[in-house]
Amino acid sequence: FVAEEEGEVIGFANFSPVRLQNEAELGAIYLLPDQQGKGIGSALLQKGIKALNGIRKLYIHVEAANEKGKRFYEAKGFAELEQFEEDFEGHMMQTVRMVLYV
1 FVAEEEGEVI
11 GFANFSPVRL
21 QNEAELGAIY
31 LLPDQQGKGI
41 GSALLQKGIK
51 ALNGIRKLYI
61 HVEAANEKGK
71 RFYEAKGFAE
81 LEQFEEDFEG
91 HMMQTVRMVL
101 YV
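Heads up: the sequence shown at position 16 corresponds to 16 in the working numbering, and the numbers run straight through without jumps.
Some hints could be false.
[Unchecked claim] Here are the simulated lysine-lysine pairs, DSBU-like style, with alpha carbons at most 35 Å apart:
| # | residue 1 | residue 2 |
| --- | --- | --- |
| 1 | Lys47 | Lys57 |
| 2 | Lys76 | Lys47 |
| 3 | Lys70 | Lys38 |
| 4 | Lys57 | Lys38 |
| 5 | Lys76 | Lys57 |
| 6 | Lys68 | Lys38 |
| 7 | Lys57 | Lys70 |
| 8 | Lys38 | Lys50 |
| 9 | Lys76 | Lys38 |
| 10 | Lys50 | Lys68 |
| 11 | Lys76 | Lys50 |
| 12 | Lys47 | Lys68 |
| 13 | Lys57 | Lys68 |
| 14 | Lys50 | Lys70 |
| 15 | Lys47 | Lys70 |
[Stated by the list, open to error] Per label pair, the in silico range of CB-to-CB distance:
| # | residue 1 | residue 2 | range |
| --- | --- | --- | --- |
| 16 | Glu67 | Gly27 | 30 to 38 Å |
| 17 | Ala75 | Glu5 | 21 to 29 Å |
| 18 | Gly7 | Glu82 | 16 to 24 Å |
| 19 | Ala28 | Glu5 | 28 to 36 Å |
| 20 | Asp87 | Ala51 | 14 to 22 Å |
| 21 | Phe1 | Tyr101 | 15 to 23 Å |
| 22 | Gly90 | Ala28 | 12 to 20 Å |
| 23 | Gln35 | Glu85 | 17 to 25 Å |
| 24 | Lys50 | His91 | 18 to 26 Å |
| 25 | Glu82 | Val9 | 14 to 22 Å |
Calculated directly from the structure, the hints in this document are not laboratory data.
Just so we're clear, the structure is a prediction, and the values are computed from it rather than from any experiment.
Ideal Cβ positions, reconstructed from N, Cα and C, are used throughout, including at glycine.
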């Protein structure tokens with residue numbers, strides 16, 4: 001899903017459905033810094049949930065040091081499930097797995 005303003009892309013969100021378990025993965029929501037805090041990320045999240053009709057759980061992985069991102073997802077109802085270290089393109093990264101019960 002893409003957010004645009006005056007024909008310019010200002011953000012996007014990508015989702016990956018896993019239909020067998022009525023679950024989906026939110027890859028990320030990215031917005032230009034000057035577009036954050038305007039409700040655009042929330043709108044992209046809701047649009048994705050609506051399009052994934054019937055999901056019961058939505059998961060996201062957030063970098064543990066990304067406090068702003070974690071606060072955003074917590075404010076939307078996501079809860080932390082676990083923390084772990086993963087290899088992200090050759091770099092070890094502390095990651096938080098979160099879930100939203102839809």
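Hint check:
1. Lys47 <-> Lys57: Roughly 15 Å between the alpha carbons, so the hint for Lys47 and Lys57 holds.
2. Lys76 <-> Lys47: holds, 13 Å
3. Lys70 <-> Lys38: Distance of about 17 Å is within 35 Å: holds.
4. Lys57 <-> Lys38: Given pair Lys57, Lys38 holds - Cα atoms ~25 Å apart, limit 35 Å.
5. Lys76 <-> Lys57: Given that 35 Å is the threshold and the Cα spacing comes to 13 Å, the pair holds.
6. Lys68 <-> Lys38: Cα-Cα ~14 Å, so holds.
7. Lys57 <-> Lys70: This hinted pair holds, its Cα atoms lying about 17 Å apart.
8. Lys38 <-> Lys50: holds, 20 Å
9. Lys76 <-> Lys38: holds, 14 Å
10. Lys50 <-> Lys68: holds, 24 Å
11. Lys76 <-> Lys50: holds, 15 Å
12. Lys47 <-> Lys68: holds, 21 Å
13. Lys57 <-> Lys68: holds, 22 Å
14. Lys50 <-> Lys70: The given pair, whose Cα atoms are some 22 Å apart, holds under the 35 Å limit.
15. Lys47 <-> Lys70: Satisfied, since the Cα-Cα distance of roughly 20 Å is no more than 35 Å.
16. Glu67 <-> Gly27: 30 to 38 Å: violated, 20 Å
17. Ala75 <-> Glu5: 21 to 29 Å: Since Ala75 and Glu5 have Cβ atoms about 23 Å apart, the given range 21 to 29 Å holds.
18. Gly7 <-> Glu82: 16 to 24 Å: violated, 41 Å
19. Ala28 <-> Glu5: 28 to 36 Å: violated, 19 Å
20. Asp87 <-> Ala51: 14 to 22 Å: For Ala51 against Asp87, whose Cβ atoms are near 30 Å apart, the range 14 to 22 Å is violated.
21. Phe1 <-> Tyr101: 15 to 23 Å: holds, 21 Å
22. Gly90 <-> Ala28: 12 to 20 Å: holds, 19 Å
23. Gln35 <-> Glu85: 17 to 25 Å: About 31 Å separates the Cβ atoms of Gln35 and Glu85, which means 17 to 25 Å is violated.
24. Lys50 <-> His91: 18 to 26 Å: violated, 34 Å
25. Glu82 <-> Val9: 14 to 22 Å: violated, 33 Å
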